[in-house]
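Asks: Sequence:
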Amino acid sequence: MKTGAIVQTRMGSTRLPGKVMLDLCGKPVIEHVIDRLKLSKLLDEIIIATTALEMDKVIVEQAKKNGVKWFCGSEDDVLSRYYYAAKENDLDTVIRITSDCPLIDPVLLDKVVEFYTSNNYILVTNAGNDLTQRTFPRDLMLRCFPLKYWKMPFIMQQKAIRESMLLLICMKAMKKIYTTLKMIRIILTLGGRWIQAKTLS
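When the letters of the sequence shown are read in order and numbered with numbering that gives the first Met the number 0, they come out as residues 0 to 200.
Among these hints, one or two may not hold up.
Quick list of in silico lysine to any residue cross-link-like pairs, SDA-like style, CA-CA up to 20 Å [stated by the list, open to error]:
no.: 1; residue 1: LYS68; residue 2: MET10
no.: 2; residue 1: LYS37; residue 2: LEU23
no.: 3; residue 1: LYS68; residue 2: ASP89
no.: 4; residue 1: LYS18; residue 2: TRP69
Since the hints were derived computationally from the structure, they do not count as laboratory data.
None of the values given here were measured: they were computed from a predicted structure.
Produce the complete structure using the sequences and hints provided.
Replies: Now the structure itself:
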């Protein structure tokens, strides 16, 4: 089984554009993320998943500089970016990492991967039992799941899935039924981010 961390990143963030390349103690934020992921003992690959936009070429150059792989895909359809980055690198298991978390814990990451590989779970996360609960600070949040559940037709038919919807798609891939209240909690947790109604059907 091949396990990889996929780091989603782009320069066009709306709240703080270019935040992943901002200097933090002498090096870009994303370099801190990469360096900490390299301390993991269980990762086979570290992949930077960015977009094909001109502005994001600087991220590709940073990946080259740090000696990790990269993938350029859709700006808006983050789910497809993850899927094709994983598929191109023959990953079986994916660890979702966001690029603005320079304090990501490699020891905790290895514990999540170890727990995942020794059990028969679809999703292993330290984010709590539902999206309104968190067992660790937000910047230490990890999600580990298999690539095969992204191959389901209803997932690949969707368009323009936003990054905040990634976990919801994973949960729907489990074919679980959620009450209206739980769906409301999911939406409240996601805040004011855009939600495509089609993904909730």
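Asks: Now tell me if each hint is right for this structure.
Replies: Comparing the hints with the structure gives:
1. LYS68 <-> MET10: Between LYS68 and MET10 the Cα gap is close to 18 Å, so the pair holds against 20 Å.
2. LYS37 <-> LEU23: holds (18 Å)
3. LYS68 <-> ASP89: holds (13 Å)
4. LYS18 <-> TRP69: holds (18 Å)
Every hint, counting from the list given before, is met by this structure.
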